[in-house]
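Below are the chains, spelled out letter by letter.
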Amino acid sequence: MKSVLPILTVLFALVLIWYGAAIGLNAQWTRDQAARAGVEVSFSDILSDTLSQARPKLPAPHQVAVELYQSTWDEEVNGRRGIVATGTLSNRSLIYHGWVTLSATMLGFAFGTGLGILLAVGIVHSKAMDMSFMPWAIASQTVPILAIAPMVIVVLASIGIKGLIPKAIIAAYLSFFPVLVGMVKGFRAPDTMQLDLLKTYNASRFGTFWRLRLPSSVPYLFASLKVGIAAALVGTIVGELPAGASAGLGARLLSGSYYGQTIQIWAALLAAAALAAGLVVIVGVIERIVLGRMGMRS
Amino acid sequence: MKDMSSPPVIEAKGIGLIFQTDDGPVEALKDISLAIGRGEFVSFIGPSGCGKTTFLRAIAALEHPTSGTLTVNGMSPEEARRSRAYGYVFQAAGLYPWRTIAGNVQLPLEIMGFSRAERAERVRKVLDLVDLGGFGKKFPWQLSGGMQQRASIARALAFDADILLMDEPFGALDEIVRDRLNEELLKLWNETGKTIGFVTHSIPEAVYLSTKIVVMSPRPGRIADVIESPLPRERPLDIRDSPEFLEIAHRVREGLRAGHAYD
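As they're listed, the protein sequences go chains A and B.
Under the numbering used here, the first residue of the first sequence is numbered 25, with each subsequent residue one higher.
Under the numbering used here, the first residue of the second sequence is numbered 45, with each subsequent residue one higher.
In case anyone wonders, no lab produced these hints; they're calculated from the structure.
Take the hints with a grain of salt, since some may be wrong.
What the hints assert, rightly or not - Straight-line Cα separation of at most 30 Å, DSS-like style, residue types lysine-lysine; simulated pairs: (1) B/Lys231 / A/Lys223; (2) B/Lys182 / A/Lys223; (3) A/Lys223 / B/Lys74; (4) B/Lys231 / B/Lys181; (5) B/Lys256 / A/Lys223; (6) A/Lys209 / B/Lys182; (7) B/Lys256 / B/Lys182; (8) A/Lys223 / B/Lys181; (9) B/Lys57 / B/Lys256; (10) A/Lys223 / B/Lys57; (11) A/Lys223 / B/Lys169; (12) B/Lys74 / B/Lys169; (13) A/Lys151 / A/Lys209.
Stated by the list, open to error - What follows is a set of in silico ranges between Cβ atoms, one per label pair, in the way DEER data are often shown: (14) A/Asp220 / B/Thr113: 20 to 26 Å; (15) B/Gly189 / A/Phe157: 39 to 45 Å; (16) B/Gly189 / A/Leu38: 27 to 33 Å; (17) A/Pro168 / B/Ser159: 55 to 61 Å; (18) A/Lys223 / B/Ala302: 34 to 40 Å.
To be verified - From chain B, some residues computed to sit far from chain A (all C-beta separations above 10 Å): (19) Ala104; (20) Ser120; (21) Gln135; (22) Lys256; (23) Asp269; (24) Arg284; (25) Asp285; (26) Glu291.
Being a predicted model, the structure only gives us computed values, none of them experimental.
For every residue, glycine included, the Cβ atom is placed at its ideal position computed from N, Cα and C.
Can you build the whole structure from these sequences, using the hints too?
In C-alpha cells form, the structure reads like this:
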C-alpha cells in the first residue's frame, strides 16, 4: 500500500493537469465555432464541448480511454473483423498492431543484445578492439535514428527484405549500445585481487571469463537490458513510420496524424508506453529471479 | 619439523624490484636475500611501503623482480605458479557472492580439473580443517567476516600446495577474532606441515605465529633484521605474556627503529 499511494497521487495529478490542458487547448475551436454560428457560449458549454470534440487538439483522458477500449477488447470481441468473429486479430485493433511492433522489437532486442555482448567480450579481451571499435560504437549513437531508419527500410526493400527484419535491424541498432557499454563495465567489474587470485590458480583466459567475468557482469547485464528493451521498442516504432508501413503502432501513429485523428494517436502512444513498461517490468522480474538464484540480493 | 638438510623451499638472492611510475622509478625492493626452509612459518613485518607485500607477490610470480634470483621449489616463480606450488590468501576474503561456500572452495579444483567426486571429498576435508563443516551450502553474505576469511584459507588449502602465502589475511578483522584465527592457523600449520609466508603489520601477531620473523624497512624496501624465534611449536595464547615472547617483540621493535620505520 505504501508504494501504491505515491504512484496514485502522481497519476491523479497528471490526469488533472491533462484535463485542464485539454479544456484550455480546445476552447479556442469551440469559441470559433460559436462565433461562426453567431451564438453565445456559456462556460459550461465550453466545458462539455472541449471534452467531447471529435478531433480535439488534445483529447481528454476519458476519450483516449474509450478509444483504447474500442480498439482493443471491443474490436476483437464484438467487431466484424475481430478474433471472435474471424479467428484472426483485426487489423483495426491495437492488439494486432501492438503484436506486430512487439515481435519486431523482440527480434531486434535479441539481435542487439547478442551483438552488444559479443562486442563487449571482444573489447574486454583485445586492446586493439577497445581502441578501434569503441569510438565507432559511440559515434553510431550520435546519428539521429530518424535519419537512418528510412535508409535502412529503403535499402533493404530494394534487395527484397521487407516487413519484420528491417524494423528489427533498426531496433537492434538502438539496443546494442546500452548492452555494449554495460557489459564492458560488467566484464571489467572484477578487481585486481580477484584477477590475481585466478592467476595464482594458473587459470586460462577462458576460465577467467567463464568463472569470474561473466558471473560478475550479470547485474550490469540486467541494468542494460532494461534500457535496451525500451530503446528497441522506440527503434521499431521509428522503423514503422517511414515508407508507409501498414501495420504496427508506428503505422497507427502515422495514419492518425495523416487524418487528424488525435484520439487515435494518443491511444497508440499510450499503448506503446504500456508495452514499454510491461517489457521493462518483465526484465525486472527475470532479474530478480536470476540474481536470487545466484545468491545475490538485488 | 624444520629440516635443515633439504634445500630451501624459497630462496632469494640479491632481489631488487623497481616500479616504473609516472613520478619516475620507485625502488620497492633492494638487495633482498633470504632462505625459507620446508615447514617454516615466516612473517614479514614492517610499515607500509617496506615491500613486504611486494616480496610475497614476487614469490607468487604476481610481481617480477628486476634483479637477483628467486627460486620456489627450485624453479622460477613463474614455473612454480604454473605447477600450482602455492595457495595465496589475500587481505579480503574475495569470495564469489554467486557461489556457496563449498562452491567457492572448489573453485581452484574446478580450474585445475579435479573430478567431481574428488572435489566434493576435498571440499569436505578442508572445510572441516577450518571449522566450517556445516557451512558449505551457505552463501558468503550469510557468514561473518572471520568465517569468510577462514573459507578463503580453505580455498587456498584445497589443492594441496605445499606453500601457503598470506598477505595480511586478518588485517581487516577485529582483535578478538584475529586472536582466535591466529590460534587456529597455528593448529592448521602443525597439522599440515606447510611452509607459510605471512605478511602482517602487527608485532604480537608476527611473534606469536612465526618460526622466523623478517623485519623490513621502507624506501627502499629492504631487510632490517631476521629473527629466528626460540618459542616452541606448541603455543598457547598466554605465551604472549612470557618473558621470551616480550624479548622477541622488543627485538622486532628495535629492528623497525634501526630501519627508520618510525620516522
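- Message: If I take the minimum Cβ distance from B/Lys256 to any residue of chain A, is it greater than 10 Å?
- Response: holds (23 Å)
- Would the least Cβ to Cβ distance between B/Ser120 and chain A come out above 10 Å? holds (14 Å)
- For the pair we were handed, A/Lys223 and B/Lys74, check the Cα-Cα distance against 30 Å. holds (25 Å)
- Item | Status of the given 20 to 26 Å range, CB of B/Thr113 versus CB of A/Asp220 | holds (23 Å)
- Given hint B/Lys182 paired with A/Lys209 - CA-CA distance at most 30 Å: holds (28 Å)
- Would you check whether the claim that B/Glu291 is not at the interface survives, using Cβ distances to chain A and the 10 Å cut-off? About 36 Å separates B/Glu291 from the closest Cβ of chain A, which puts it past 10 Å; holds.
- Message: For B/Lys182 and A/Lys223, compute the direct alpha-carbon distance and say whether it is at most 30 Å.
- Response: holds (26 Å)
- Query: Is the straight-line distance between the alpha-carbon of B/Lys74 and that of B/Lys169 30 Å or less?
  - Reply: violated (41 Å)
- Hinted pair B/Lys57 and B/Lys256, Cα distance within 30 Å: Distance ~18 Å between B/Lys57 and B/Lys256 Cα, so the pair holds.
- Item | Given hint B/Lys182 paired with B/Lys256 - CA-CA distance at most 30 Å | This hinted pair is violated, its Cα atoms lying about 37 Å apart.
- Query: Any Cβ of chain A at or closer than 10 Å to B/Gln135, or is the non-interface label fine?
  - Reply: violated (8 Å)
- Could you check the hint for me, namely that B/Gly189 and A/Leu38 are 27 to 33 Å apart, CB to CB? Given about 48 Å between the Cβ atoms, the range is violated.
Comparing the model with each numbered hint stated earlier shows that hints 7, 12, 16, 19, 21 do not hold.
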